[in-house]
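Participant: Let the sequences and hints guide you as you build the complete structure.
For what it's worth, the UniProt record's numbering labels the leading residue of the sequence shown as 1, then goes sequentially.
Read the hints as simulated data drawn from the structure, not as lab findings. Note that beta-carbon positions come from the ideal geometry of N, C-alpha and C, so glycine has one too. Certain hints may be false.
[Claimed, not checked] Here are the computed distance ranges between Cβ atoms for each label pair:
1. 87 with 57: 25 to 31 Å
2. 68 with 103: 19 to 25 Å
3. 82 with 48: 15 to 21 Å
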Amino acid sequence: MNNSEQFLSPRMGRVEQIHFVGIGGAGMCGIAEVLHNQGYRITGSDLGESGTVQRLRSLGIQVYIGHRLENIKGADVVVRSSAVDFNNPEIVAARELMIPVIPRA
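Facilitator: Here's what the structure looks like:
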């Protein structure tokens with residue numbers, strides 16, 4: 001299996017953009033960075049600015065501050081931190097749009 005066949009979504013075909021809700025967390029930022037280095041388009045959101053958020057941005061990863069449904073635009077998959085509630089607006093919007101939501105753990 002080559003990199004372009006790694007992740008397939010029955011709804012969308014090949015996954016290109018992955019959005020991380022809670023991207024500033026210790027586990028989430030590492031996963032996001034690895035996938036970014038593998039060529040996936042990564043976006044994410046977090047509650048506030050941090051050194052981690054700044055570092056991800058320096059790599060070219062778009063990080064939004066605050067959780068809004070607009071943040072998931074273009075996402076093929078949404079990854080949810082275990083610290084994020086199911087009633088988070090990005091999680092609710094993803095489910096309504098039938099975008100797969102997967103837990104980090």
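Participant: Of the hints given before, which are not true for this structure?
Facilitator: The structure conflicts with no hint, since it agrees with every one listed earlier.
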